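So the protein lines, in turn, are chains Z and C.
Once you know that position 70 of the first sequence is 70 in this note's numbering, the rest is easy, because the numbers rise by one and skip nothing.
Once you know that position 232 of the second sequence is 232 in this note's numbering, the rest is easy, because the numbers rise by one and skip nothing.
Wrong hints could be hidden among the right ones.
The list that follows gives simulated cross-link-like pairs (lysine to aspartate or glutamate, EDC-like), each with its CA atoms no further than 20 Å apart [unchecked claim]:
| id | chain 1 | residue 1 | chain 2 | residue 2 |
| --- | --- | --- | --- | --- |
| 1 | C | K310 | Z | E46 |
| 2 | Z | K65 | C | E295 |
| 3 | C | K310 | C | E256 |
| 4 | C | K303 | Z | D49 |
| 5 | Z | K65 | C | E278 |
| 6 | C | K310 | C | D268 |
| 7 | C | K310 | Z | D49 |
| 8 | C | K327 | Z | E66 |
| 9 | C | K326 | Z | E74 |
| 10 | C | K327 | Z | E46 |
| 11 | C | K310 | C | D267 |
| 12 | Z | K73 | Z | D37 |
| 13 | Z | K73 | C | E278 |
| 14 | C | K286 | C | E244 |
| 15 | C | K303 | C | E332 |
Since the hints were made in silico from the structure, they are not lab data.
Owing to the predicted nature of the structure, the values given are computational and were not obtained by experimental measurement.
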Amino acid sequence: MAATALCWALRVVQQVLPSPCPRQVRSYYVDWRMLRDVKRRKMAYEHADERLRINAIRKNSILPKELQEVADKEIAALPRDSCPVRIRNRCVLTSRPRGVKRRWRLSRIVFRHFADHAQMSGVQRAMW
Amino acid sequence: TSSVLSKDKDKSAASKDSTHEEAPKKQEDGAETPKQKLLDMIGNMKVEVTYRRKLQQLKASESKKQAMKKLEGLDSEGSVPQGITEDTQRGKPLNPELVKAASAVASSLPRNKKQMESELLAQLRRHEETTDKQKKGGTINIRNVISEMTVKRQSPAQRGARISGRISLQLDEDGQRRRHERSSAQSVDYRSLKVGKRLNIFTKASTEPEHALKTVSSPTIWDLEFAKEVAAVTAQPPRNGFEEMIQWTKEGILWEFPIDNEVGMEDDAEFHEHIFLEKHLEGFPKEGPIRHFMELVICGLSKNPYLSVKQKVEHIEWFQNYFEEKKELLQEI
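Please work from the sequences and hints to get the whole structure.
Structural data, given as structure tokens:
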């Protein structure tokens, strides 16, 4: 009895405090796809300057072609998640990848829900 | 505060003097902050020194002051070698430590050494004069004035009467005036002009800098924790929407109105530093496609209003590093 209670307590403790060495992935995003999107956005922000500069060397008619080929290889060597093309503008509340209005960062369903409850400032049902 | 005041007076006096016109320009040039720090230190040191001396030499100071004034009247210009010898000749001999410190300061600064020394010593002399004058005469008059002042209190009946008097017609104004006279007469009667206690609200100016020097640098963790506790306890929940908005603004949730578009963007650089970026191109070869490319880069950067000067310089430096790494490759071509 005491042993099982101890084991249960240990398990609870382990769940609450997972291994401290790697960074905890525990956060309150809606789902894992949203988390991966967040990671991609962070990486794209970090490498944005480098990518811009290497692209400036590549898309060039002045510099010699050998240099541009080297730049091609360099940009391909950067981590895959650092390119901005991989970012998907998901809905902020439901993580829906499609039907998202950019101004509100919400999917059409959530937007409609809030607008009907008069919780979207300046949004009104259209009638003309 | 008196040391600060005396320093301001000194600086204004210094600026007026013909030989000391160079001093403010020198301060502006480059050695401003170290020189000011040194002067501050010397000023602080000197205040303590004069306070001690005051306790020791009360009677001799007056005669010495008169002698100093006469000497200063003779030597307004203060030429170079005479200034140093006159320090010892003058009525109140300066502390030899201060003289050594002044000479060390003057020698450390890269400008005209002898002139700096004479200027520093002249400032020290003026410091002593002003502190002596303040300690003798100035502060007491203020105290007398303030101790005699009291807050004028209106009874609520009088206040109501006054407010109603403003609204009512001219008929009541005579009554109001009589009441005013009565109140003013009463206030004069029960407090005569010559009776006065020393309120001792203000401490002596000389003691302040000593305390300030001691208690500056000791913010322990316990002090911080205590401060946090106090803030948490005294923070009442907001009573109305305005206080809520104030709290949000302090936290950073709400912007400050009127909206400042340049919040967080501290670009102290002038426009010419943004546009004329050619001076950063010194590490590149002067001819060839790389130079052409970099000139285009600079043209684009000069038209970019969104980057700060630091970012633009970093941009150019990145390209410099990149091309240096690829030098072998470029030389093959």
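Here's how the hints hold up against the structure:
1. K310/C x E46/Z: 17 Å, holds
2. K65/Z x E295/C: 19 Å, holds
3. K310/C x E256/C: 27 Å, violated
4. K303/C x D49/Z: Within the cut-off at roughly 18 Å; holds.
5. K65/Z x E278/C: Measuring from Cα to Cα gives roughly 26 Å; hence the hint is violated.
6. K310/C x D268/C: At roughly 11 Å apart (the allowed maximum being 20 Å), D268/C and K310/C satisfy the hint.
7. K310/C x D49/Z: The hint holds at about 14 Å.
8. K327/C x E66/Z: With a Cα-Cα distance of about 12 Å, the restraint between K327/C and E66/Z holds, given a limit of 20 Å.
9. K326/C x E74/Z: OK: K326/C and E74/Z at ~12 Å, within 20 Å.
10. K327/C x E46/Z: 27 Å, violated
11. K310/C x D267/C: Measuring from Cα to Cα gives roughly 9 Å; hence the hint holds.
12. K73/Z x D37/Z: 25 Å, violated
13. K73/Z x E278/C: Judged against 20 Å, a Cα distance of about 30 Å means the pair is violated.
14. K286/C x E244/C: It is violated: about 61 Å lies between the C-alpha atoms, which goes past 20 Å.
15. K303/C x E332/C: 35 Å, violated
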